[in-house]
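With chain A's structure known, arrange chain B on it following the hints.
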Amino acid sequence: MSRDYLARKLAQAALTIVAIAILNFLLFRLIPGDPVRSLLPRNVSTQQKQELRERLGLDQPLLPGLYQTPQGLRLKVEQIPDTLVENQFVTYLGNLASLELGRSFFERKAVLDVIADRFWPTVILVISAEALALLLGILIGIRAGWKRGGPFDILTINPALVLYAVPLFWLAMLLLFFLATPNGIPVFPSQQMTTPGRQFAGPLEAIPDVLAHLVLPAFSLALGLFAGYALIMRSSIIDVLGEDYITTARAKGLRENDVLRRHAIPNALLPTVTLVALTFGYVLGGAIGVEQVFSWPGMGTLIVRSVTQKDFPVLQGLFLLITISVVLANLVANLLYAVLDPRVRR
Amino acid sequence: MNLLSSWRRRAAGFWRLFRRSRQGLVGLGILSVFILVALVGPELVGRVDRAGTFDQMLDPSGGHIFGTDRAGRDLFKVWVHGTRISIAVGIIASLITMVIGAAVGIVSGFIGGRVDTALTALSNFFYVLPTLVLAIVLATILGPSLLNVIMVIAITSWPGTALIIRSQTLSIKERMFVDRARAYGAGNVRLMTRHVLPNVFGLILANTTLTIAAAIFLETTLSFLGVGDKNTFSWGRVLEESFAAGALTLGKWAWFVPPGLGVVLVVLAFTLVGGAFDEILDPRLRAREAGRAEEPPEAVAGAVVGT
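Protein sequence lines, in the order shown, are assigned to chains A and B.
Counting in the working numbering, the first sequence runs from 893 upward without gaps.
Counting in the working numbering, the second sequence runs from 431 upward without gaps.
Chain A with its partners taken away, still in its complex shape:
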């Protein structure tokens, strides 16, 4: 990978993250209504309101000279020099730099702590679903592409296409209905990450219980994801099979199995592997619905909760965290692609 390529990709990612920080600021300033009023009970004095306003920095202008008034935005040109530093945007950037994301409206905790509690459950869910989906997708894609048009191809690719059109949360609902309620065969628990009320001596003791709770959410997510991997794997196997080096390998007298294992698969894996990083945002999106159905205590259910409770600081923190991680995943995909595929190294 050339240094130019690396530098360009890093600069792009950095710029995108700056743009996300600005968008995040602007978006949450668009919210109609006075945040102070939603934070405090009705019967507090005007002075108390003013104090909170100052503490939150809401008495400052949005940008130098740009004030938010009940009548809308007002630009006071004469104030610009005085408010070059003392404005909400600079304060926001400063807070961001020190990872100060504010406090939750509803839990008496810092936003970062609220999110930290929900971080690992989502990571566990997403990683296990990705692993399952990749395994299924790659194996099915290889067989389907290798014998294109054959019975295996037709029997797997058509269902995969249909799965592509299934909302993940609905798939989760069906799995829950059939495998976790008495209406079907209740083999798995339906809610939460552990059995409610059960005490564990240590984290290790909890593993079997967590795994039992993980099966259905992970499968719901994986079933929605594997279709994409299978289709890409299939088409890249088909592409690779048309390449000259495959013909050469066959001409050398290699057995078909070796052609597939040594030449076709390694080259066809590349697009599928990078797809994992590229679809990271989609996976996190899918996880929201799945978590909601299974009450999985992750960031997805936290998003839904902060939406219904109008807990804007938490929503803002989650938006920042998720979008930035998606940008970083994209960066990884680009760099991975460059490392693995010599043709991209420019």
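Treat the hints loosely; a few may be bogus.
Quick list of in silico lysine to any residue cross-link-like pairs, SDA-like style, CA-CA up to 25 Å [said to hold, decoys possible]:
hint	chain 1	residue 1	chain 2	residue 2
1	A	Lys-1202	B	Met-581
2	B	Lys-660	A	Phe-998
3	B	Lys-660	B	Phe-464
Derived from the structure by calculation, the hints contain no laboratory data.
As the structure is a computational prediction, the values presented were derived from the model and not from experiment.
Below, chain B without anything else, positioned relative to chain A:
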């Protein structure tokens, strides 16, 4: 040759190619049924009792083939009305997406230079952001209404269209006829609307069909997560209500299976039709799927875009 007959000739050529795609025909078949339900269904089954009735939580029977909900509403009626809302939201949101995406893509690709750099950077930026998360945040900020959901879908979906149309515009710009028209004194606006637009129109059509699928998908998810319109019963809204009311544990499968199945079939149908359009427009893709080139690519492209 007048414009109308040229369009008719083009449409006929398009249909000839479309007819060959089995997937496209299957999609078109499913779609016709659902469009028919959406167009005339709600009037045929009559209005849904907003206030509800006393026939609450009934199981499916002859009188109520999907049963009734907590408020005693007939779930079949609700489903039929949901068909119209979900499909309408998908189509309207995609039309807005198409207009924004096509405008940005054509201007960006045709004007080039700094305009292109700025617009492409903007498209890329919104393209990278995770759609659902951005949509949830926007919908929460704007407040729950059908119009807002439509706007949110358009705002989060246009970059894909813009980037595709831009790259197509770039290649059209280099063709002879554009230079010829410019030599005759055609200005940028005229060139873009009269020469570039007709040539990217096929692509816009294919892309919009695929966008409708994505839009219906997104609306369903947003409604299920509770940021949709609380007063209209789209399929997603029905799914949310059934879930919140415990339809899963109560065994009321007829509450949540039909709306989900509706989404799957309609999204699948739009994807199949859009995929068939794409194949017609991209002869390389078609040749690969068929395993051989059936017609020289130029002839096929000409039949569709009329160059």
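Cross-check of the supplied hints:
The suggested pairing of Lys-1202 (chain A) with Met-581 (chain B) holds, with an alpha-carbon distance near 21 Å, which does not exceed 25 Å. With a C-alpha separation of about 24 Å, the suggested pair Lys-660 (chain B) and Phe-998 (chain A) falls inside the 25 Å cut-off, and the hint holds. The straight-line distance between the Cα atoms of Lys-660 (chain B) and Phe-464 (chain B) is roughly 24 Å, inside the 25 Å bound, and the hint therefore holds.
Of the numbered hints stated above, none is contradicted by the structure.
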